[in-house]
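S.K.: From first to last, the protein sequence lines are chains Z and H. 254 is the number that our numbering gives to position 254 of the first sequence; each next residue is one higher, with no gaps. Going from the second sequence to our numbering is simple: count from 1 and add 294.
Keep in mind that the hints were calculated from the coordinates and are not lab data. Do not take every clue at face value.
Using 27 angstroms as the maximum straight-line C-alpha spacing, the simulated DSSO-like pairs for lysine-lysine come out as follows [claimed, not checked]: (1) Lys342(H) <-> Lys438(H); (2) Lys173(Z) <-> Lys188(Z); (3) Lys570(H) <-> Lys197(Z); (4) Lys339(H) <-> Lys188(Z); (5) Lys66(Z) <-> Lys339(H); (6) Lys48(Z) <-> Lys570(H).
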Amino acid sequence: EKTRKNFTEKIEQLITGYTKIDDEFLDELEAVLLSADVGIKTTATLMKDIRQAIKNREIETPEQLKPVLQERLCAVLSEGWTGMRLAPEPPTVILVVGVNGVGKTTTIGKLGNYYRQLGLKVLLAAGDTFRAAAIDQLEIWGQRIGAEVIKHSEGSDPAAVAFDAVQAAKARKAEIVIIDTAGRLHTKSNLMEELKKIRRVIAREIPDAPHETLLVLDATTGQNAISQAKLFSEATGVTGVVLTKLDGTAKGGVVVAIKTELGLPVKWVGVGEGVNDLRPFNAQDFAAALFTDK
Amino acid sequence: MKDWRTSCSRLSKRLRGRGKLTESDVSDALREVRMALLEADVNFKVAKDFIARVKERAVGQEVMASLTPAQHVIKIVYEELTQLMGGTQSRITISSRPPTVVMLVGLQGAGKTTTAGKLAHLLKKQNKRPLLVAADVYRPAAIKQLQVLGEKLGLPVFTLGDKESPVRIAQKAIEHALSHARDIVIIDTAGRLHINEQLMDELKAIKNTVKPHEILLVVDAMTGQDAVTVAEAFNEQLGIDGVILTKLDGDARGGAALSVRAVTGRPIKYVGMGEKLDALEPFYPDRMASRILGMGDVLSLIEKA
Ligand SMILES: Nc1nc2c(ncn2[C@@H]2O[C@H](COP(=O)(O)OP(=O)(O)OP(=O)(O)O)[C@@H](O)[C@H]2O)c(=O)[nH]1
Ligand SMILES: Nc1nc2c(ncn2[C@@H]2O[C@H](COP(=O)(O)OP(=O)(O)OP(=O)(O)O)[C@@H](O)[C@H]2O)c(=O)[nH]1
Ligand SMILES: [Mg+2]
Ligand SMILES: [Mg+2]
């Protein structure tokens with residue numbers, strides 16, 4: 001049965017003349033996907049798609065392979081994409097979460113700057129009361145972009161900081177509140193509980209807040225990002241991803257798996273440490289970059 | 295007569311094991327191993343080379359009586375993986391002429407500053423007198439971060455603020471250590487991309503000026519395929535002496551450990567197991583091999599065999 005199938009397949013390939021696409025190009029394509037951190041499972045699915053497309057004659061020459069795959073990736077990534085959800089009535093509350101060192105605080109500085117450029121009043125909340133000098137770090141960003149920073153002392157309750165920030169935003173008519181949180185591994189349930197508490201406190205003040213909960217992922221991260229996305233989503237209802245450090249050589253392909261498996265869209269990408277190094281996510285550019293050498 | 299013969303052949307079969315591993319036994323098992331390695335974020339080229347080597351070693355080997363052929367292949371994989379990961383080398387080379395200079399380098403957010411604090415803590419417990427050096431003049435509040443850690447540890451932190459060049463800071467720090475009888479100097483450098491020439495040149499300049507005894511590359515255990523590129527670049531440009539793998543307290547399988555080890559040949563000296571300053575542990579190659587393979591059940595079977 002197996003031999004017969006192989007035989008008919010081979011005949012088919014001979015007739016259509018695609019033998020060459022099959023071996024070399026498909027291997028090369030698989031390598032590109034794997035080395036971009038797309039992951040073995042998602043890569044296998046995509047390769048199956050491609051094989052089907054070859055059968056269906058959607059792909060007839062080797063040259064068509066990459067563009068077709070790029071197009072599929074782009075379609076997956078842009079499906080259901082929306083920009084940032086703003087509150088019908090200010091303030092809009094944005095909660096920023098993620099594991100240690102991925103770029104949360106820096107992203108908050110850049111995102112705050114984006115809204116400041118639009119002429120909005122921005123308030124930052126120093127909800128990382130744990131890491132050494134995390135509050136000072138956010139304060140420097142606040143000064144850089146001209147945003148007030150609401151802070152308590154190191155070691156205090158982050159939920160209380162969030163509460164104060166929302167209160168202050170209402171009182172001072174700030175349009176955007178961005179809440180920083182301490183980096184935490186998604187496997188630490190007590191720390192995930194702490195995030196839930198922050199959410200509860202915010203929602204008590206503004207019923208549909210936080211309006212966005214952004215999960216920051218480091219593009220250098222491999223398959224563990226899927227576990228991060230899963231567990232942070234369960235605990236905090238993540239609404240979108242910020243993919244940082246795309247200015248390096250890592251491609252961040254794991255977001256393809258995250259979009260396919262969890263439906264989480266990438267909303268922003270970080271491309272440097274400077275105040276202007278944040279871009280709205282562009283699926284087409286991203287998909288194209290997966291195939292280029294840096 | 296017939297009964298005797300079957301039971302005899304059964305016995306001799308048990309004594310001789312299950313015969314030799316065939317090409318197809320090995321290929322089947324290794325297909326699964328490849329999946330496991332890729333899921334653990336081992337670089338796909340590293341995984342490919344590794345599998346080729348195991349295959350060469352495995353085909354034709356006598357299968358142990360208590361194991362299936364597949365299990366026997368996994369056993370070989372596990373042994374090779376452990377060996378490739380190197381021995382336990384959890385120490386810093388202490389110079390006979392103090393101060394011993396240690397420099398931490400790596401990508402942004404890998405855990406350098408925290409690790410500097412952890413190392414200082416460890417060495418202090420060994421009756422050393424570390425000096426922490428704040429040579430990150432770029433990241434907002436990087437100096438303050440190190441100062442807070444130094445204060446927690448009751449250890450001095452050398453800084454010239456963020457207006458001096460890191461090269462000069464490192465140089466002055468050595469002079470300070472000499473005149474203040476600090477026998478270990480731990481230099482915290484700014485996070486940087488391996489493709490940022492200017493910042494990589496800065497590290498080379500620090501290296502040439504203070505001639506560190508240990509240049510340690512700090513690598514996030516969650517790193518994916520790019521670990522190879524990063525480690526290769528840092529090693530080529532600086533010549534690293536060892537690796538510290540951070541954030542292993544999560545659920546990352548840590549395939550980066552194998553990737554980094556394979557491309558640099560440098561030992562992994564410590565692993566970071568948390569944010570607290572005492573969360574630095576020795577590196578155990580066998581545990582890491584088992585974590586990367588993620589085949590706990592099979593491995594415990596093999597241990598018993
Ligand atoms: N190259 C590059 N570096 C970045 C980017 N985003 C952040 N960084 C750097 O990554 C490092 C960590 O950034 P932080 O913003 O402190 O990360 P964090 O998630 O707040 O870290 P914790 O609060 O400690 O969990 C810093 O050195 C940042 O400058 C980016 O897009 N590109
Ligand atoms: N869970 C966990 N977190 C860690 C570990 N090591 C460091 N961290 C955290 O990772 C984040 C980044 O650590 P830093 O020490 O600031 O990293 P860095 O490499 O100095 O960062 P830059 O100076 O911005 O490049 C912080 O939140 C640390 O608390 C570890 O072993 N486990
Ligand atoms: Mg932070
Ligand atoms: Mg640092």
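S.K.: Any of the earlier hints contradicted here, and which numbers?
M.R.: Hints 1, 2, 4, 6 are the ones this structure does not satisfy, whereas the remaining hints hold.
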